[in-house]
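**Student:** These protein sequence lines map, in sequence, to chains A and B.
Counting with the working numbering, you get residues 8 to 307 for the letters of the first sequence.
Counting with the working numbering, you get residues 8 to 307 for the letters of the second sequence.
Please keep in mind that the hints were generated in silico from the structure rather than gathered at the bench.
One or more of the hints may lead you astray.
In silico lysine to aspartate or glutamate, EDC-like type, Cα no more than 16 Å apart, as pairs [as the list claims (entries may be wrong)]:
(1) B:K265 to B:D232
(2) A:K176 to B:E137
(3) B:K176 to A:E137
(4) A:K199 to A:D33
(5) B:K176 to B:E128
(6) B:K199 to B:D221
Quick list of simulated restraints, FRET-style, between CB atoms [to be verified]:
(7) B:A218 to A:T10: 54 to 62 Å
(8) A:G197 to B:E306: 54 to 62 Å
(9) A:A30 to B:E306: 27 to 35 Å
(10) B:L149 to A:Q55: 53 to 61 Å
(11) B:G56 to A:A218: 27 to 35 Å
If you're wondering where the values come from, they're calculated on a predicted model, not measured in any experiment.
Where a beta carbon is used, it is the ideal one built from N, C-alpha and C, also for glycine.
There are 2 protein chains.
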Amino acid sequence: MFTLQLLGTAAGGGFPQWNCACALCDLSRRDPVRCTPRLQLQAVVRSQGRNVLLNAGPDLRVQIEATPTLQPRPENGRRNTPIDAIVLTSADLDQVLGLLLMREFQPLRVYATPLVRRVLEANSFFRMLERVPQQLTWVAMLPGEPFELLPGVTCTAIPMSDDLPYYAKSFGASAEPGQAVVGLILASEGKKVVYTPAVGQISEALYQGYAAADAIAVDGTFWSDDELQRAQPGTPLAREIGHVPMSGEDGMMAQLAKLRGPRKVFVHLNNTNPILDRQSDERKAVLAGGWEIAEDGWEL
Amino acid sequence: MFTLQLLGTAAGGGFPQWNCACALCDLSRRDPVRCTPRLQLQAVVRSQGRNVLLNAGPDLRVQIEATPTLQPRPENGRRNTPIDAIVLTSADLDQVLGLLLMREFQPLRVYATPLVRRVLEANSFFRMLERVPQQLTWVAMLPGEPFELLPGVTCTAIPMSDDLPYYAKSFGASAEPGQAVVGLILASEGKKVVYTPAVGQISEALYQGYAAADAIAVDGTFWSDDELQRAQPGTPLAREIGHVPMSGEDGMMAQLAKLRGPRKVFVHLNNTNPILDRQSDERKAVLAGGWEIAEDGWEL
Chain A
8 MFTLQLLGTA
18 AGGGFPQWNC
28 ACALCDLSRR
38 DPVRCTPRLQ
48 LQAVVRSQGR
58 NVLLNAGPDL
68 RVQIEATPTL
78 QPRPENGRRN
88 TPIDAIVLTS
98 ADLDQVLGLL
108 LMREFQPLRV
118 YATPLVRRVL
128 EANSFFRMLE
138 RVPQQLTWVA
148 MLPGEPFELL
158 PGVTCTAIPM
168 SDDLPYYAKS
178 FGASAEPGQA
188 VVGLILASEG
198 KKVVYTPAVG
208 QISEALYQGY
218 AAADAIAVDG
228 TFWSDDELQR
238 AQPGTPLARE
248 IGHVPMSGED
258 GMMAQLAKLR
268 GPRKVFVHLN
278 NTNPILDRQS
288 DERKAVLAGG
298 WEIAEDGWEL
Chain B
8 MFTLQLLGTA
18 AGGGFPQWNC
28 ACALCDLSRR
38 DPVRCTPRLQ
48 LQAVVRSQGR
58 NVLLNAGPDL
68 RVQIEATPTL
78 QPRPENGRRN
88 TPIDAIVLTS
98 ADLDQVLGLL
108 LMREFQPLRV
118 YATPLVRRVL
128 EANSFFRMLE
138 RVPQQLTWVA
148 MLPGEPFELL
158 PGVTCTAIPM
168 SDDLPYYAKS
178 FGASAEPGQA
188 VVGLILASEG
198 KKVVYTPAVG
208 QISEALYQGY
218 AAADAIAVDG
228 TFWSDDELQR
238 AQPGTPLARE
248 IGHVPMSGED
258 GMMAQLAKLR
268 GPRKVFVHLN
278 NTNPILDRQS
288 DERKAVLAGG
298 WEIAEDGWEL
């Protein structure tokens, strides 16, 4: 059996965002009970005292120091960590920058698709993780091929998108389809959790994965397709940057309305999403629709 | 007049460090009053409500949200920041990663030497700061040439070292000597502060800069030359990685013993430095020697 814990539930930039004084960010600074600040997305899979991080976000150092189960223990020597490995679901900066915070000559095992590995290895900053032999061990993760993540816990990547982040556009994902962004199916005897913080569309395979799960952590970045544009003209639509919005006839809630088996949990909330305000109508609609809205620290 | 505030005073990795269970890191987790946790190095120069960051460290998001004077204000529009610019003293990851956290389409002005700019612009991650026109404006900072940082506040870079960080070794600093690592002299009418978190040696020019200052923030990374090696065999000596240790006949305190004018403050404390323990003999020796040991939040 395993636990998936959410150490951060905000999208990139966190909540509030450093340069944002919108009604929501402002409210979170004035009334953190009504509109609670959130760290950037980070999850960890825990089983029998061992941990595997799902991605490595920019707030990782703070999240480790706030989570005793992720801290080193003096009885295990001067330098040690209960973190066995990291699984990367994309090469997005918000999912990989934390790796650069984990570079104190500590051996790390990183599961990534060959495409994501290629993108990151090409970046000079990652040489900081290659200073001593075996500092970084890459393990190829191929969509559809289950592997053992922790004893008794398997992980299977689901292809989600071929869109590489802006900084890596020159790579081209066509030679390795389905590897730019993946979701994860985590399974042990009697438990299945699907982790999909970025959902650009719901394929039949993804829907079937959701239907077979006990809990699903689903992309809750945006409430509506145009909310980023309304906050800042000239920015893209939600669907253009790989996120199905929650609301609307073709939104996430509508598409998954008939899914009644799993616990349905929204994660990766952008600072523009009105559900961040506990008193908003949008939040009430989400809860009334049978969804949960994750808080930092929650366990699935 | 200006204020230099220290938002973080630990060296890279912070204190405690994520994978370290040494006596000091362990003590800081058990007894944070005696051995207080510290965020990674970050400073800000403030004058008349405007701010310039000195470097941009990995903990910057947390530091901004803990510092109301650095937060956007709703009366200035949805997206805004009281941060005018960032001055980089090196291309070290611990001094630049925060720039990648400030990428929400916000125009930024960055002062850096041409060498540091060249190193960073070559890194693909920095394309995330070039998504809209004028997002990032580089201003060339040349050692020895004063420039106006804020109204009435000048800044002058002092050459400190030609050592580029490990990830950028291939660049070679020889064509642009004195540009890999710099210190900063900040001056306004009636006030002079020198900011030198990395001091590999004390040149005559640097000593004269210190002597003319009201306050100096000085490299306090290591107490002794071999403390990193004692914590983890195979790692380098303090002096090999550009840090004069505090103690010893040729240490920082000995070399600056005759300097009686300025307030002398140690910053950039590594997690191995025994002065982090308020009850240590080393800390008492530092204080008895006329030095101060900076705490997060202090103002100079």
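**Student:** A separate judgement is required for each hint: does it hold in the structure or not?
**Tutor:** Now for the hints, and whether the structure bears them out:
no. : hint                         : result
1   : B:K265 to B:D232             : violated, 22 Å
2   : A:K176 to B:E137             : holds, 13 Å
3   : B:K176 to A:E137             : holds, 13 Å
4   : A:K199 to A:D33              : violated, 38 Å
5   : B:K176 to B:E128             : holds, 15 Å
6   : B:K199 to B:D221             : holds, 5 Å
7   : B:A218 to A:T10: 54 to 62 Å  : holds, 59 Å
8   : A:G197 to B:E306: 54 to 62 Å : holds, 56 Å
9   : A:A30 to B:E306: 27 to 35 Å  : holds, 32 Å
10  : B:L149 to A:Q55: 53 to 61 Å  : holds, 57 Å
11  : B:G56 to A:A218: 27 to 35 Å  : violated, 55 Å
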